[in-house]
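Below, each chain spelled out in residue letters.
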Amino acid sequence: MDDAVIAVALVLVAACATVAVATRDPARQALVLSVLGVVLAVLFTVLQAPDVGLSQLAVGSALTPLLLLLTVRKVRRRGQREESGR
Amino acid sequence: MNGWILAATLTLAAGLTASLWGVATGPLRRRVVAQNLATAVACPGLLLLAQGYDRPSYVDLALVLALLGPVGTLVFARLLAGELAEDPPRARGVTWAAAGLGAVVVLALCAVTGPGRATAKLLVTGALLIGGNLVASRALTGGAGGTGRA
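Line by line, the protein sequences are chains A and B. Each step along the first sequence adds one to the number in the numbering used here, with nothing skipped, and position 64 is 64. Each step along the second sequence adds one to the number in the numbering used here, with nothing skipped, and position 93 is 93.
To be clear, the hints were calculated from the coordinates, so they are not data collected in a lab. Keep in mind that this is a model prediction, so the values were computed, not measured. Even for Gly, the Cβ is constructed at its ideal location relative to N, Cα and C. Check before you lean on any hint, since a few could be wrong.
[What the hints assert, rightly or not] Per label pair, the in silico range of CB-to-CB distance: (1) Cys110/B <-> Leu10/A: 24 to 32 Å; (2) Pro26/A <-> Arg138/B: 44 to 52 Å; (3) Thr71/A <-> Arg55/B: 34 to 42 Å; (4) Ala4/A <-> Ala127/B: 24 to 32 Å; (5) Ala14/B <-> Arg24/A: 22 to 30 Å; (6) Thr18/A <-> Glu83/B: 21 to 29 Å; (7) Ala85/B <-> Glu82/A: 19 to 27 Å; (8) Arg24/A <-> Gly100/B: 32 to 40 Å; (9) Gln48/A <-> Thr119/B: 18 to 26 Å; (10) Val124/B <-> Arg24/A: 38 to 46 Å.
[Stated by the list, open to error] In silico contact screen, one side only, chain B against chain A (beta carbon under 8 Å); selected entries: (11) Ile5; (12) Ala8; (13) Leu12; (14) Pro27; (15) Leu28; (16) Thr39; (17) Leu46; (18) Asp60; (19) Leu61; (20) Gly69; (21) Val71; (22) Gly72; (23) Phe76.
[Said to hold, decoys possible] Negatives, chain A to chain B, calculated, CB over 12 Å: (24) Ala20; (25) Asp25; (26) Arg28; (27) Arg78; (28) Ser84; (29) Gly85.
Please build the complete structure, drawing on both the sequences and the hints.
Rendered as structure tokens:
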């Protein structure tokens, strides 16, 4: 039974990471990455490493998407300003 | 090995597969709701795992997730507000289903734990989970444009 929950978590991580790579739009990719952070935290927990899971939760569920979305917004704004300047 | 881990496996497999499918396909409004659902389902799963492994300290993970999950969703609601305002998400059924799941899990664990500090921690986690989820999905569906609550 313990192996079953580990297998489920591993399959979810693999599927989620594949989806994150296959998604093209950065905003949608940030959403997938946030889910990936949660799934990775679950994997670390079932592998009996809750301390790693705790830091993964803190970084993966809120901080990574925030940084990604802020970067996307800044790049888009700069692109628009340059287009209107020409 | 025991029923708690079986319940956690089923919850995580069903809920996270559904939210992964939702976040990978479809329009943006479905994706943000699915991302919110992922945290709402993983938190009860982590609580069940803590009970299954008989390690009360694992409840900390669920507590942190209940605190930070809605924060992540609010980040998306704020920074994707422009796109979401054109096509606002509808998430009433999913939100109430996730809140019901959280309430059932927390109450079952409280019944097993018995009165004490651990129960208080479980109740705080449950309240944060359900309250955070309701706030986050309200921000997604109603206040996405920054015009106030729906």
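Hint check results:
Between Cys110/B and Leu10/A the CB atoms are about 31 Å apart, so this pair conforms to the stated range of 24 to 32 Å. Under the hint 44 to 52 Å, the C-beta atoms of Pro26/A and Arg138/B, about 26 Å apart, miss the expected range. As the Cβ distance of Thr71/A to Arg55/B is approximately 38 Å, the hint placing it in 34 to 42 Å holds. Take Ala4/A and Ala127/B: their Cβ atoms lie about 31 Å apart, and the range 24 to 32 Å holds.
Checked against the hint of 22 to 30 Å, the C-beta distance between Ala14/B and Arg24/A comes to roughly 28 Å, which is consistent with it. In this structure the supplied range 21 to 29 Å holds for Thr18/A paired with Glu83/B, their Cβ-Cβ distance being about 25 Å. Between Ala85/B and Glu82/A the Cβ separation comes to about 25 Å, which falls inside the hinted range of 19 to 27 Å. Checked against the given bound of 32 to 40 Å, the beta carbons of Arg24/A and Gly100/B, roughly 35 Å apart, stay inside it.
Hint check: Gln48/A to Thr119/B, Cβ distance near 24 Å, so the stated range 18 to 26 Å holds. The hinted range of 38 to 46 Å is satisfied by Val124/B and Arg24/A, whose Cβ atoms lie roughly 41 Å apart. Among the interface hints, the one on Ile5/B holds; its C-beta lies about 5 Å from the nearest C-beta in chain A, closer than the 8 Å criterion. Contact between Ala8/B and chain A, as hinted, is supported at the beta carbon level, the nearest pair being about 6 Å apart and thus within 8 Å.
Interface restraint check for Leu12/B: the shortest CB-CB distance to chain A comes to about 6 Å, inside 8 Å, so the restraint holds. The criterion of a C-beta within 8 Å of any C-beta in chain A is not met by Pro27/B, whose closest approach is roughly 10 Å, and the hint is violated. The interface hint given for Leu28/B is met, as the beta carbon of that residue sits about 7 Å from the closest beta carbon of chain A, less than 8 Å. A distance limit of 8 Å between C-beta atoms decides the matter here; for Thr39/B the minimum to chain A is near 6 Å, and the interface restraint holds.
Checking Leu46/B against chain A by beta carbon gives a least distance of about 6 Å; that is within 8 Å, so the hint holds. The beta carbon of Asp60/B is positioned within 8 Å of a beta carbon in chain A (closest approach about 7 Å), and the interface hint is therefore held. Given hint, Leu61/B at the interface with chain A, holds; its Cβ is 6 Å from that chain's nearest Cβ, closer than 8 Å. Contact between Gly69/B and chain A, as hinted, is supported at the beta carbon level, the nearest pair being about 6 Å apart and thus within 8 Å.
The beta carbon of Val71/B is positioned within 8 Å of a beta carbon in chain A (closest approach about 5 Å), and the interface hint is therefore held. Interface hint status for Gly72/B: upheld, as the beta-carbon distance to the closest one in chain A is roughly 4 Å, under 8 Å. Satisfaction of the interface hint for Phe76/B is found here, the shortest Cβ-Cβ separation to chain A being roughly 7 Å, below the 8 Å cut-off. Against the 12 Å criterion, Ala20/A falls within the reach of chain B, whose nearest CB is about 9 Å from its own CB.
Distance to chain B contradicts Asp25/A as a non-interface residue, since its nearest Cβ pair spans about 9 Å, not more than 12 Å. The non-interface label for Arg28/A is inconsistent with chain B: the shortest C-beta to C-beta separation is roughly 6 Å, within 12 Å. Remark: the non-interface label on Arg78/A is consistent with the geometry, its nearest Cβ contact in chain B lying 16 Å away (cut-off 12 Å). Residue-level check passed: Ser84/A sits 17 Å from the nearest beta carbon of chain B, beyond 12 Å.
At roughly 22 Å, the least C-beta separation between Gly85/A and chain B is larger than 12 Å, which holds for a residue marked as non-interface.
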